[in-house]
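Number of protein chains: 2
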Amino acid sequence: MNLRSIRYFVAVAEGLSYSRAAEQLNISQSAISRQIQILEDELGIKLFDRFGRGVQLTATGEELLAESKAIVNKVSALHEHARELAGGIRGVLRIGTTPQTLESFVAKVLNQYRQKYPNIAVTLIEDGSANLISKIEAGDVDLAFVALPRNSHFAKRELFPFGALAVLPPGHALATRRTIEIDELANQPLLLLRHSFMTRKLFDGACALSYITPKILVESSSPHGLVSLANEGHGIAIIPSTMRLRPNQHTAALHYEGRQLGLWISAIWDNRRNVRSLTTDFVNLAHDFARISYPGQNFHFKEMFDSASSSMAS
Amino acid sequence: MNLRSIRYFVAVAEGLSYSRAAEQLNISQSAISRQIQILEDELGIKLFDRFGRGVQLTATGEELLAESKAIVNKVSALHEHARELAGGIRGVLRIGTTPQTLESFVAKVLNQYRQKYPNIAVTLIEDGSANLISKIEAGDVDLAFVALPRNSHFAKRELFPFGALAVLPPGHALATRRTIEIDELANQPLLLLRHSFMTRKLFDGACALSYITPKILVESSSPHGLVSLANEGHGIAIIPSTMRLRPNQHTAALHYEGRQLGLWISAIWDNRRNVRSLTTDFVNLAHDFARISYPGQNFHFKEMFDSASSSMAS
DNA sequence: ATGAATGGATGCGATAACGGCATTGGACCT
DNA sequence: AGGTCCAATGCCGTTATCGCATCCATTCAT
Chain A
1 MNLRSIRYFV
11 AVAEGLSYSR
21 AAEQLNISQS
31 AISRQIQILE
41 DELGIKLFDR
51 FGRGVQLTAT
61 GEELLAESKA
71 IVNKVSALHE
81 HARELAGGIR
91 GVLRIGTTPQ
101 TLESFVAKVL
111 NQYRQKYPNI
121 AVTLIEDGSA
131 NLISKIEAGD
141 VDLAFVALPR
151 NSHFAKRELF
161 PFGALAVLPP
171 GHALATRRTI
181 EIDELANQPL
191 LLLRHSFMTR
201 KLFDGACALS
211 YITPKILVES
221 SSPHGLVSLA
231 NEGHGIAIIP
241 STMRLRPNQH
251 TAALHYEGRQ
261 LGLWISAIWD
271 NRRNVRSLTT
281 DFVNLAHDFA
291 RISYPGQNFH
301 FKEMFDSASS
311 SMAS
Chain B
1 MNLRSIRYFV
11 AVAEGLSYSR
21 AAEQLNISQS
31 AISRQIQILE
41 DELGIKLFDR
51 FGRGVQLTAT
61 GEELLAESKA
71 IVNKVSALHE
81 HARELAGGIR
91 GVLRIGTTPQ
101 TLESFVAKVL
111 NQYRQKYPNI
121 AVTLIEDGSA
131 NLISKIEAGD
141 VDLAFVALPR
151 NSHFAKRELF
161 PFGALAVLPP
171 GHALATRRTI
181 EIDELANQPL
191 LLLRHSFMTR
201 KLFDGACALS
211 YITPKILVES
221 SSPHGLVSLA
231 NEGHGIAIIP
241 STMRLRPNQH
251 TAALHYEGRQ
261 LGLWISAIWD
271 NRRNVRSLTT
281 DFVNLAHDFA
291 RISYPGQNFH
301 FKEMFDSASS
311 SMAS
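Going line by line, the protein sequences match chains A and B.
If you count the first sequence from 1, position 44 lands on 44 in the UniProt record's numbering, and the numbers rise without skipping.
If you count the second sequence from 1, position 201 lands on 201 in the UniProt record's numbering, and the numbers rise without skipping.
If you're looking for bench data, these hints aren't it; they were derived computationally from the structure.
Any given hint might turn out to be false.
Remember, identical chains collapse to one label, so a pair may be satisfied in a single copy or spanning two.
Claimed, not checked - As a list, the in silico DMTMM-like pairs of lysine to aspartate or glutamate whose alpha-carbon atoms are at most 20 Å apart:
#1 Lys74 / Glu63
#2 Lys69 / Glu40
#3 Lys69 / Glu80
#4 Lys74 / Glu103
#5 Lys108 / Asp281
#6 Lys116 / Glu137
Remember, it's a predicted structure, so these values are computed and weren't measured experimentally.
Work out the full structure: start from the sequences and follow the hints.
This is the structure:
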C-alpha cells in the first residue's frame, strides 16, 4: 500500500473528478487513473463508480475516505513536525547539570534561552558529574554542564573556571590571606563536601599529591551549612567558588604548588550523535553569558579564564 | 514522503539495527540504509546516530517515532478495513422500500439477513416508489424494493407479484365473486388509496384504459381504514394484495380484460455502480424467501408467479 | 440524429525509484 | 594486527510511475 495512491484517492474524492485532481496535483490524468486502479486492485474494492460524466464515490469508498484523509493529514503533520525540528523551531532539549551549576549558572542562561526560543521545551536533569557523563554517553541528555576530565572524548566548550575556596573563621590565623596553599591546611580542622562534589575531588586529589591526610571535622552535602559552621569558628570550609556568598564573607583561593586549584566548567555533548541547532544555540548562549558574568568571577580567577581557549574541540 | 521509508524507519527504530530490520522485512540491509537516508534527507533531520556498533535514535528521531508508528498502524487499519469491506464481512447496506413492502416483506427478509450477516449494518429508507428510484439513481441507496416500470434501465430481480384486491361489504351483490372486472366497478362507490400508492396507480391506469370514471367516496393513505369502511358497508375498498387481513375477510382479485391487475415487486439496483456482495446477498435472500412465502400469496396469483422469469437483467 | 465536448481508460516508451549483490570503511573485540 | 560486526556505497537489473497520445463511452448542443 502506497501513500501516493492514498493521496490521489483523497484528492479525487474531494474534487469528484480525476482530471480536476490531476490538475490540482500537477500531474496527468492518466497517473491518477492508474494509481486509483492500483489501489482498488490492492484493496479488492471499487472506490469510485464510473459514469460517462465523472465519477462518484461508492459506499465503501465513502467509508474509507475518512480514514484515508486522516492518514494523509497525519503524514503532513509528521512532515511539518520534522521541518520544525530541523529548523530548531520546536523540540525538546535535555540538559544535565549538577545542582550547584544549575543554581549558579545554568538557571540564568536558561532564562535567556527561553526568551529567545520560547517554543523549545527544556528538560533539566540534575545529577552528579560522573552520572551526567554517562547520560551523555547513553544519549539521555543532549548537553551537560560539568567539569570534564581531561581525557574525555566528548566535544566541549569551556565556559568558566571554578575553584576551591577556603572559608576561614573570623580571627583565624589565615583569615587575612587571599590565597592558601594546600599544605597550610594539613593540621587544620576541615569542613568538607561529600565525594560527589567536584570541589571535594579536587581537594582530595591535591591532598594526595601533597601527601597530606586532612583532618576532616565535618562532611556534608550542604555548602551553605559548611559556611555557617566556619563562620562560627568550627573549622575551615572548602567550597566551590561558584557558591553565592554574603558580600562581606571572607574567603581565600586554594592553591596547589602555587596554582589555583580549579577546573573549567564546560558544556559537553556527544559529537558522534546528531547535534541539533537547539543544542549549539544553548551552548553559544551559555558561552556568551559566561564572558560577561559567571559565578565566582570575583574570586581571582581572571588569569585562569584568560589563559584558556574556548574552542569547539571534539 | 513515502510510506515505505516510514515503515523502514519504524522497523529500524524498534529493532535498533538496520540488519535486524532488513531481516525482519525480508529485504537487504542496503535497502534499509538507503530508505532511511532518503527519509533523513527529505526531512532534513538525522533520525539515527551511527556508531561503529549499531545505531541509536536521536532525540528528534524519538519524537517522530511515535507519529510514524501511528501512521503505519493507521494504514494497516485502513487495509484491514478495506479487506473486510471487500469480503462483505462488514459494511453498511442501504435499503429503500415503501412502508407497505417493508412491513409485509422486507422486515422478514431483514431478520434472516441480520442473523446470517450480523456485522453488516442495514439502513432502511422508507419512501414512495418514485422517490426510491431517484435514490437508486443518485446512489443514496444500494437497493430498493419497488414495483418497477417496464422501461427502467435498472437491474432488477422480480420477487413476488402483488395485485389489487377489492374488499366487498358483506351482502354486496358481488360479495360471492372471486374475481371482479374493472368495468363492474364503474358505478360502485369506491374507497381508494392515495395516488402515491402503486395499487392506486394500477387502478387509475386500468380505469383510464376502460374509459371509466370511478365514483370515489374516500381517498386515504390507510389501507386498514379502507377495509374497515368497506366492512361497514360504505363501499368497495381497493387495496394491495400484500396487506395482512383477517383470515375470514372476503376479497376478490381485480381484473382488467380478464387479466389479474398487478405488478411484480422487484429488488432493484444500479448496475452502473459497484455492486457489492452485501447487496447481492440480500437480493438472493429476498428471492429465496419469496419462493417460499410472500405477502398475499393466498390471493390467486400463482399463475403470475409461475409465468414470470426472475433473472438478473440489467 | 449527429457531431463536438467531456472525462476516464489504456498502449507505449522514457525515466525515476528501488532492491540486491558485492565491497568498502569505521568501530570494537580478541 | 586480524577478525567481526554493521552501516554506507557503487553498480546494475527490475519495477513503478509518469506523460503523451489515443481510445472509448457518455452527454450536450445544434
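* To do: Any hints from earlier that this structure breaks? Give me their numbers in increasing order, please.
  => 4, 6
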